[in-house]
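K.L.:
Go ahead and model the full structure; you've got the sequences and the hints to work with.
In case you want the letters, here they are:
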Amino acid sequence: MAYVIVPRHERTQPLRIVPGYPQTPWRNPKQPLVRRPPTLSELTGPSEVAKRVKLLGGDIAGHGEAQAIGQLMHLKLRVVDEDGTPVGGTVVEIWQANGAGRYIHPNDDEHAPVDRNFYGAARLLTDERGLLELRTVKPGAYPVPTKDGWWRPPHIHFSIFGKVWLSRLVTQMYFPGEPLNGQDRILNAVPDTAARARLVARLVPPTGDPANALVFEHQIVLRGRKATPSQP
Amino acid sequence: MRRRLIPSGEATIGPFFPPRYVDAGANDLSQLEDRKADGEVIEIAGTVRQEDGTPLDNLVVEIWQADANGIYRHVADPRHREADTKFFGWGRAATDKEGRYAFRTIRPGAPEGRARHVNVMLMFSGLMRILKTTMFFPGEQANEADPVYRAVPKARRKLLVAREEALGRYRFDLKLRGAHETPFFDD
Chain H
2 MAYVIVPRHE
12 RTQPLRIVPG
22 YPQTPWRNPK
32 QPLVRRPPTL
42 SELTGPSEVA
52 KRVKLLGGDI
62 AGHGEAQAIG
72 QLMHLKLRVV
82 DEDGTPVGGT
92 VVEIWQANGA
102 GRYIHPNDDE
112 HAPVDRNFYG
122 AARLLTDERG
132 LLELRTVKPG
142 AYPVPTKDGW
152 WRPPHIHFSI
162 FGKVWLSRLV
172 TQMYFPGEPL
182 NGQDRILNAV
192 PDTAARARLV
202 ARLVPPTGDP
212 ANALVFEHQI
222 VLRGRKATPS
232 QP
Chain E
7 MRRRLIPSGE
17 ATIGPFFPPR
27 YVDAGANDLS
37 QLEDRKADGE
47 VIEIAGTVRQ
57 EDGTPLDNLV
67 VEIWQADANG
77 IYRHVADPRH
87 READTKFFGW
97 GRAATDKEGR
107 YAFRTIRPGA
117 PEGRARHVNV
127 MLMFSGLMRI
137 LKTTMFFPGE
147 QANEADPVYR
157 AVPKARRKLL
167 VAREEALGRY
177 RFDLKLRGAH
187 ETPFFDD
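Respectively, the protein sequence lines represent chains H and E. The first sequence begins at 2 in the numbering used here and counts up by one. The second sequence begins at 7 in the numbering used here and counts up by one.
Residues from chain H that keep clear of chain E, each with C-beta distances beyond 10 Å, as calculated:
id	residue
1	A67
2	G89
3	E111
4	V115
5	L126
6	D149
7	T208
8	D210
9	A212
10	E218
Reference excerpt, derived from the structure (chain E facing chain H, CB under 10 Å, subset only):
id	residue
11	R9
12	E39
13	Q56
14	D58
15	H86
16	N125
17	G132
18	L137
19	K138
20	F191
Straight-line Cα separation of at most 25 Å, DSS-like style, residue types lysine-lysine; simulated pairs:
id	chain 1	residue 1	chain 2	residue 2
21	H	K52	E	K92
22	H	K55	H	K77
23	E	K42	E	K92
24	H	K139	H	K77
25	E	K160	E	K181
26	H	K31	E	K164
27	H	K55	E	K92
28	E	K181	E	K164
29	E	K181	H	K31
30	H	K52	E	K42
31	E	K103	E	K181
32	H	K55	E	K42
33	E	K160	H	K31
I should point out that these hints are in silico values taken from the structure, not numbers from a laboratory. Just so it is clear, CB atoms sit at the ideal spot from N, CA and C, and this is done for glycine as well.
P.N.:
Okay, structure coming up:
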């Protein structure tokens with residue numbers, strides 16, 4: 002199946018150099034990025050990535066005595082392409098802070114406690130409907146070590162492979178109604194208001210399964226659509 | 007025609023990508039499930055630096071390439087049924103404190119209409135979008151005719167060509183900004 006990838010509208014994607022995000026001016030190219038003709042090389046990509054990486058289960062909140070501290074939540078994530086076609090069988094890497102806003106990572110400092118029942122990572126495959134489900138706790142906000150009081154709002158990170166090399170995506174999902182959303186330098190680096198709104202999950206009525214969990218739905222759109230067959 | 011959906015906004019991978027996601031052996035493409043891939047094993051290694059020359063630690067590097075015969079393990083390649091079943095084509099590495107990454111792979115064949123090459127992407131804290139580039143091999147006549155190589159302004163093309171440090175050992179340093187800045191693509 003041939004896939005087509007066309008340039009995106011610039012305003013739907015984040016600025017590369019972000020005011021108030023001190024690392025960005027050192028790390029993003031100064032030279033203009035080069036437009037290239039897509040070839041088979043970029044319009045193919047790794048499939049069955051699960052052959053090379055280890056999947057990790059989608060229930061990361063723990064149970065009973067070993068349940069993580071925080072608001073239990075259930076995420077229903079849907080991955081589609083630009084046609085709206087579900088992207089099934091693709092690896093989605095998920096990582097997040099614990100309920101207090103702390104990551105299990107050598108780069109995180111002592112600003113908030115580790116929760117011994119929470120590591121905060123899941124690596125899952127989407128099903129044929131492009132869906133995956135995650136039982137977790139809602140991540141806490143946390144301060145960024147800059148001098149001017151920037152706090153990250155609660156968010157969850159995703160790294161997704163998709164069908165071809167150019168559909169690879171790293172993104173973050175935010176929560177509705179969070180006061181810190183309006184000030185976050187990463188979320189607000191996306192100039193287009195509607196594009197920012199699409200990065201925010203939707204709270205939906207709880208289903209009771211799993212029990213006692215807030216339920217959020219979120220859709221991620223990967224680059225790429227089916228090529229239109231050329232006219233004879 | 008159906009309305010097109012707009013691709014989601016990218017974001018930085020941030021400083022907290024779980025170390026366990028850089029699986030042991032994910033940077034070795036020379037074998038798949040304990041079977042050796044066809045072709046010549048090569049090493050691709052280098053250092054990643056930011057504008058002031060500081061090496062970048064914990065930066066994620068991914069590569070994607072054709073097999074020894076220039077075939078991609080992907081349904082869109084018309085020859086994919088002939089692809090080497092012992093070659094996966096994708097790998098991941100993370101840089102160390104000195105900014106170094108390394109892959110073991112096989113020398114890709116030249117795909118139709120292209121010079122032999124390796125696709126490279128970089129993900130890092132402070133990179134709001136994935137940076138994509140392509141590594142070419144030194145001494146290849148086909149480079150000059152390659153459409154991706156030729157898309158880059160002439161003066162910068164040599165920055166896409168790896169250096170052969172020893173037989174089968176290639177060095178491909180990446181500079182994100184400033185002097186000797188690696189050409190990156192916007193697709």
